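Visitor: Build the complex from these two chains, which are given one at a time in their own frames, with help from the hints.
In the order they appear, the protein sequences are chains A and B. For what it's worth, this note's numbering labels the leading residue of the first sequence as 1, then goes sequentially. For what it's worth, this note's numbering labels the leading residue of the second sequence as 196, then goes sequentially.
Please keep in mind that the hints were generated in silico from the structure rather than gathered at the bench. If you're wondering where the values come from, they're calculated on a predicted model, not measured in any experiment. Take the hints with a grain of salt, since some may be wrong.
In silico DSSO-like links for lysine-lysine, alpha-carbon gap of 27 Å or less [unchecked claim]:
hint, chain 1, residue 1, chain 2, residue 2
1, A, 145, B, 214
2, A, 16, B, 214
3, B, 459, A, 171
4, B, 459, A, 16
5, A, 136, B, 260
For each label pair, taking beta carbons as the anchor points, the in silico distance ranges come out as [what the hints assert, rightly or not]:
hint, chain 1, residue 1, chain 2, residue 2, range
6, A, 106, B, 427, 48 to 58 Å
7, B, 564, A, 115, 25 to 35 Å
8, A, 47, B, 316, 26 to 36 Å
9, B, 568, A, 49, 50 to 60 Å
10, B, 446, A, 23, 49 to 59 Å
11, B, 361, A, 109, 31 to 41 Å
12, B, 325, A, 48, 25 to 35 Å
13, A, 115, B, 559, 33 to 43 Å
14, A, 7, B, 361, 22 to 32 Å
15, B, 327, A, 135, 54 to 64 Å
16, B, 568, A, 141, 41 to 51 Å
Incomplete in silico selection of chain B near chain A, CB under 7 Å [unchecked claim]:
hint, residue
17, 363
18, 394
19, 517
Virtual Cβ for every residue (Gly too), placed ideally from N, Cα, C.
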Amino acid sequence: MTSTMLRILLVTDTDKPIGEMREALARLGYEMLAEAATPQALPKVVERERPDVIIIDTESPSRDTLEHLAVMNEAAPRPVLMFSHDANQQLIREAVDAGVTAYVAEGLAPERLAPILEVALARFAHEEKLRQRLAKVEGELAERKTIDRAKRLLMERGQMSEHDAYATLRKRAMDAGVRLAEIARRLVDAADSSR
Amino acid sequence: MDTDTLAASAPDIAGTLEKTHLRLGFVALSDAAPLVAAKVLEFGHRHGLTLELSRQPSWAAVRDKLLSGELDAAHALYGLVYGVQLGIGGPRADMAVLMVLNRNGQAITLSSKLAQALDDTGNLKAALATLGRTPVFAQTFPTGTHAMWLYYWLAAQGVHPLEDIESVVIPPPRMVDALARETLDGFCAGEPWHALAEANGAGQTVTSTSEIWPGHPEKVLACQREFVTRYPNTARALVRTMLEACRWVDAPSHRKEITPWLAKADALDLPEALIAPRLVGHAGGVRFAQPPLPVAFFDGGAVNYPRVSDGRWFLAQYRRWHLLRDGDSAGENDAAIAAAINQTALYREAAALADVPVPPENRTEVFCDGATWA
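One chain only, chain B, in its complex shape (with noise of 0.2 Å):
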């Protein structure tokens, strides 16, 4: 690569970058937004760096090119680094969370019929009793955060996640086919796949993630560990392009503007008119009275700030449905993984560089049962 070029025309590069052209992944939703409006608008070649995007076509995918090298970084899942670095069910390797991409912004559709059972019985329990079977409800990977918002979900209203329903891992394209077909009762996802349900009559959006824990964190820029080590320099620039990139798709105005960007058929492949409502936040679902906080990409900096409590949070679902079992990580606390994980040092740095305010290290969170979390 011509070094000299680039050092010539980027002079607000900050340390010799070990590494200027990136690949980064991501999954076909429309969080994918500040990743998209990066390339589009090349946010990366101030700071040196040149971004390539790639999309996946499952978490997996994800999980293995991070792994493998094939990508540098990616839009991810926060639980899906959480698994990796403990090895759930699949690889285990030391990871990291550079920053939060986006707060809020998913929800839960229940099928038509289901949520008219809801609304005759006021009560959820009840209404998954009128189906005379065992309910399905569908997520997105068994350590994401889809499945630990529809797992809290369900159980802040009486009803276990391992126990009283069948818990299943579907693509979203398929949730909205298999909600029509009633082989399922109701999904967790990111967005737009809510908005195609309502629009195909499938199913009814009930509850956004907001209602569940407000500000909660959803997608992160996520890398291996082994890359913030080998490539410092690198990584505060992918942070500090990413922020801008953040900054600039928070905007109502820019939320328009990159909307036909996502509909393409190298990002969403999906119609603009299915991705613009939720996104600009104009409309929840055709429940909501009031529309529920919208998807979060910046709001001053308090979305970003990879905060330690949040990774803690969860480590700690993680052990109330028995996916990490007492023993496994025996000798290490939940704060000093979340602390290893969450490169909060290396934001601060990307954060001062991009002139970027940092939040307060400490937040109590409030969930939807009312119990509270710091």
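Here chain A stands alone, though its shape is the one from the complex (with noise of 0.2 Å):
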């Protein structure tokens, strides 16, 4: 390590194992101070032990307590921009997916960030982020030829205009209170069941 040595401040106020890459980052010689766990401690946490970076779940509601301090606080890390065209920017883009978000002190060399995103990343995979998105989108889409066919059902039967085939579907969502995805399933399955 240099002799200017970073200091490294965690934030371990939610379920991801953040607290993990404490071990890795001393190994490698920064220097790792007190952990913060709750929003309430940040400010002091911060004002007293000036941190280089602090790294943060992305999910983690004490991020806008950072976003105040960052403003308000000329010696306060900033959020990372994570769009600059600087060569780490795949690196920032790749923590961020996996849910790590980095606060940095002003005019830290990106370079001297990467070896910390890349302990980062090594412990946090994404895939399963990733795939759990992907079915929610195809379970989207499903939902709305659905829709289409208990509208277009209502039309038909009722010999109703399209607009108020929207109309009775959301009456009949709320009156049932469920989704009018819902409504329409159930409408969907009986015109199936009794074909």
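Guide: Here you go:
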């Protein structure tokens, strides 16, 4: 390591095991500060310890606390610019996709952040997240087709306009306390079974 | 995507949609109601859009995902959009406000102890002095609406928000705990967090934000400006969809109907009984003899027009509180910045398609300290 050892703060206020990076980063020669586990504790820790890099779960509710410090306090680390055209853009995007966000002291060279993010990436695989996302999109498309079918059934049977068919579906959904897609599915299922 | 089927089943699409599946971000607040209604009742289908809602744990996450493209648009604090446009404390990008999603409906709650001191002394400055230490107030995002309402309210009562108090950001669910433990003296945020603070006996709502600026803009439908230039027909269809959702959810009976959906685990994940009263507008805080102006989602279309003067107000406040320094964005004037962000032309097209009247461009706002803004 260089003589100016980077000081790293890990924020461990979510289920994601951010704290597990501690040992690996310490082995790389970084100075690891005591972890902060609550947003209330963050302002004092940042002011006292002056970290160069803060690593936090992308989904942490404490992130807005850090945003406020970045705006109000010149010495506080800033959120990383994920879309600047530097060589490590891909690495930073991957870290964010994996669920890790970094706040970095102004003027810190991207290449000094890279090994820290590499450790973070090694800890957090993100394939599972992508799989879930795909399944959700497919589900949305299937729902949409069902709603279109239910609407056409109503239009044909009830001799109603498209607008009225929608209004009927909405009313039934609200009356039954279920989503529009669910009402549509029931209607289509009933039609299919009576065929 | 099967565009032929979509075109056949949605005959009133205005122009070919460049994109039909949209991911919309929201934060767990009662004023996310139009997005929840739009999804539950699929208001987008008529205009060829499938909406997917994605709850976000912080405003920073909303911003990052708008910038990465993971979200197409989001329920966002008015000021967040302006903060990103100016690069205040974080990344800078060209942003757009498609429409205003609601006005009013936020509040300031003080700890029970401080609320009592306010009753005893009759003025905020004297009440704060009884604490015997620097008062701590929380809001939700440095450039956001709650920070601006809080700062304006304090300053109007002779309390300097940058010198006389400590301003912090903590997530709203934690504000109530902090208030109860007296590590926090007051907060400005959305609902139902004030209702929760009163229900827990941790604090009392002393001001509705409609008393600071009646009819203030609050959450907007935000996106990157690139989204509008790349997908203009999609953006117009989205505004049209959300105008219809706002119109629907604004009716008192529909506010009641949407409450169980807001209460669900994938939305606010809080009891209906906490959300309903202040959303419907039947009850304010315990201290209000008359309920203050409730949150407004449509009001005949008066709510939703992204008036440029509203945007300029935020820029003026950023200068007032030194978030924007003299010399920053030099050469550009505030009106030009706001006119580039607020998509008034697109809004007018969408409003015409949705048969929603557009309110007059010019309006004079009157604030709690008697100041005016136009």
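Visitor: Which hint numbers doesn't this structure obey?
Guide: The structure breaks hints 2, 6, 7, 9, 13, 18, 19; every other hint is satisfied.
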